[in-house]
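According to the numbering used here, the stretch in the sequence shown is residues 279 to 575, in order.
For the record, the hints were derived by calculation from the structure and aren't laboratory data.
For clarity, every value in this text was computed on a predicted model and none was experimentally measured.
Keep in mind that the hints are not guaranteed to be accurate.
What the hints assert, rightly or not - Pairs of lysine to any residue residues, derived as SDA-like cross-links and limited to a Cα-Cα distance of at most 20 Å, are as follows:
| id | residue 1 | residue 2 |
| --- | --- | --- |
| 1 | 401 | 412 |
| 2 | 503 | 546 |
| 3 | 401 | 365 |
| 4 | 283 | 458 |
| 5 | 559 | 503 |
| 6 | 557 | 506 |
| 7 | 549 | 499 |
| 8 | 283 | 442 |
| 9 | 387 | 423 |
| 10 | 282 | 403 |
| 11 | 283 | 447 |
| 12 | 520 | 495 |
| 13 | 549 | 495 |
| 14 | 442 | 546 |
| 15 | 549 | 423 |
| 16 | 283 | 455 |
| 17 | 392 | 433 |
| 18 | 503 | 553 |
| 19 | 442 | 456 |
| 20 | 401 | 503 |
| 21 | 408 | 482 |
| 22 | 433 | 403 |
| 23 | 520 | 482 |
| 24 | 557 | 458 |
| 25 | 283 | 423 |
As the list claims (entries may be wrong) - The calculated label-pair distances, taken between Cβ atoms and stated as ranges, are:
| id | residue 1 | residue 2 | range |
| --- | --- | --- | --- |
| 26 | 500 | 463 | 25 to 33 Å |
| 27 | 382 | 518 | 32 to 40 Å |
| 28 | 329 | 415 | 22 to 30 Å |
| 29 | 422 | 446 | 16 to 24 Å |
| 30 | 547 | 280 | 54 to 62 Å |
| 31 | 451 | 391 | 17 to 25 Å |
| 32 | 306 | 543 | 34 to 42 Å |
| 33 | 498 | 463 | 16 to 24 Å |
| 34 | 516 | 412 | 17 to 25 Å |
| 35 | 452 | 501 | 38 to 46 Å |
| 36 | 392 | 526 | 51 to 59 Å |
| 37 | 425 | 383 | 38 to 46 Å |
| 38 | 391 | 565 | 19 to 27 Å |
Idealized CB from N, CA, C, for every residue including glycine.
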Amino acid sequence: MTDKKTAFIAIVGRPNVGKSSILNKLLGQKVAIVSSRPQTTRTKIMGVLTEDNVQLVFTDTPGFHKPKTKLGEKMIKAVDDSIGGVDSCLFVTESRGEIRPTEIELLEKLKSEKIPVVLAINKIDMVSDKQELMTRILELTKLLDFDAVVPVSAKNGDGMDELKQELVNLAAPSEFFFPEDTLTDQPERVLAAEMIREKLLHRLNEEIPHGIAVSIEKMRERDDKSILDIEAIIYCERESHKGIVIGKKGAMLKEISTNARCELENFFECKVNLQCWVKVKEDWRNREGLIHNFGLD
Numbered sequence: 279m280t281d282k283k284t285a286f287i288a289i290v291g292r293p294n295v296g297k298s299s300i301l302n303k304l305l306g307q308k309v310a311i312v313s314s315r316p317q318t319t320r321t322k323i324m325g326v327l328t329e330d331n332v333q334l335v336f337t338d339t340p341g342f343h344k345p346k347t348k349l350g351e352k353m354i355k356a357v358d359d360s361i362g363g364v365d366s367c368l369f370v371t372e373s374r375g376e377i378r379p380t381e382i383e384l385l386e387k388l389k390s391e392k393i394p395v396v397l398a399i400n401k402i403d404m405v406s407d408k409q410e411l412m413t414r415i416l417e418l419t420k421l422l423d424f425d426a427v428v429p430v431s432a433k434n435g436d437g438m439d440e441l442k443q444e445l446v447n448l449a450a451p452s453e454f455f456f457p458e459d460t461l462t463d464q465p466e467r468v469l470a471a472e473m474i475r476e477k478l479l480h481r482l483n484e485e486i487p488h489g490i491a492v493s494i495e496k497m498r499e500r501d502d503k504s505i506l507d508i509e510a511i512i513y514c515e516r517e518s519h520k521g522i523v524i525g526k527k528g529a530m531l532k533e534i535s536t537n538a539r540c541e542l543e544n545f546f547e548c549k550v551n552l553q554c555w556v557k558v559k560e561d562w563r564n565r566e567g568l569i570h571n572f573g574l575d
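Model the full assembly from the supplied sequences, consistent with the hints where possible.
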């Protein structure tokens with residue numbers, strides 16, 4: 279009999295409630311990009327936390343929403359597939375505001391799966407009235423009998439230790455499925471592309487971000503291992519968007535590339551030579567071939 283324990287846990291919720299931020303906080307390292315934009319996460323992202331005799335394998339899923347494109351449909355399928363293939367779920371919602379119909383629908387799916395569900399009520403740093411928080415908890419617990427309820431703030435770390443312990447409590451005796459130093463299933467090229475896309479999300483206006491994809495065309499370390507060369511293509515859906523991404527005299531693209539390069543250097547712990555180009559692929563979010571080429575299916 280092994281003394282090791284494991285749990286496969288899907289992190290689910292509607293867009294922009296902080297699922298990726300919570301994953302990064304639990305892992306102690308950034309593996310999923312974050313922004314204030316809804317639907318930032320497009321595919322399933324696995325993160326692995328191994329501490330002592332426990333290994334938690336997380337799947338960060340796209341925000342559950344009503345899809346309007348083929349890409350959106352694939353994002354929702356990723357959520358459904360994740361729920362059906364794990365031991366338990368971490369349902370993330372915000373500490374205030376209306377409970378959305380999509381959240382109720384998602385809770386119904388979880389109820390039908392009959393698996394343990396931990397509720398994380400995020401962004402408690404935005405709530406000063408504890409009664410407001412208690413009301414929120416009562417509303418949600420009427421919809422599902424959660425195994426645990428933990429108010430947290432992924433922003434400042436409040437409640438994260440308590441949340442981690444509740445998730446550890448879900449682990450069952452099992453040998454580890456991954457080496458103890460595993461952090462994520464995301465290839466380095468995907469991580470690099472996502473870091474660049476994050477900087478685009480932070481700097482562009484409301485209309486453009488969802489129509490952007492990033493493809494890493496080259497990623498190669500020089501022979502003396504002093505510099506990592508990365509060549510990336512930023513795809514957008516309209517010619518007018520291309521001009522906005524590049525900016526006046528290339529200023530926007532230069533700023534985004536500089537910010538991305540700094541983060542890439544911190545992550546890969548080496549100097550990075552980043553070159554970015556912008557191309558147009560009209561309506562790519564509804565084109566199966568392009569969705570596949572960008573690794574989003």
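Results of checking the hints against the structure:
no. : hint                  : result
1   : 401 / 412             : holds (14 Å)
2   : 503 / 546             : holds (12 Å)
3   : 401 / 365             : violated (26 Å)
4   : 283 / 458             : holds (13 Å)
5   : 559 / 503             : violated (34 Å)
6   : 557 / 506             : violated (23 Å)
7   : 549 / 499             : holds (10 Å)
8   : 283 / 442             : holds (14 Å)
9   : 387 / 423             : holds (13 Å)
10  : 282 / 403             : violated (35 Å)
11  : 283 / 447             : holds (10 Å)
12  : 520 / 495             : holds (19 Å)
13  : 549 / 495             : holds (18 Å)
14  : 442 / 546             : violated (27 Å)
15  : 549 / 423             : violated (50 Å)
16  : 283 / 455             : holds (10 Å)
17  : 392 / 433             : violated (31 Å)
18  : 503 / 553             : holds (18 Å)
19  : 442 / 456             : holds (19 Å)
20  : 401 / 503             : violated (42 Å)
21  : 408 / 482             : violated (36 Å)
22  : 433 / 403             : holds (8 Å)
23  : 520 / 482             : holds (11 Å)
24  : 557 / 458             : violated (40 Å)
25  : 283 / 423             : violated (24 Å)
26  : 500 / 463: 25 to 33 Å : holds (27 Å)
27  : 382 / 518: 32 to 40 Å : holds (38 Å)
28  : 329 / 415: 22 to 30 Å : holds (28 Å)
29  : 422 / 446: 16 to 24 Å : holds (21 Å)
30  : 547 / 280: 54 to 62 Å : violated (34 Å)
31  : 451 / 391: 17 to 25 Å : holds (22 Å)
32  : 306 / 543: 34 to 42 Å : violated (19 Å)
33  : 498 / 463: 16 to 24 Å : holds (22 Å)
34  : 516 / 412: 17 to 25 Å : violated (47 Å)
35  : 452 / 501: 38 to 46 Å : holds (43 Å)
36  : 392 / 526: 51 to 59 Å : holds (56 Å)
37  : 425 / 383: 38 to 46 Å : violated (20 Å)
38  : 391 / 565: 19 to 27 Å : violated (32 Å)
Comparing the model with each earlier hint shows violations of hints 3, 5, 6, 10, 14, 15, 17, 20, 21, 24, 25, 30, 32, 34, 37, 38; every other hint is respected.
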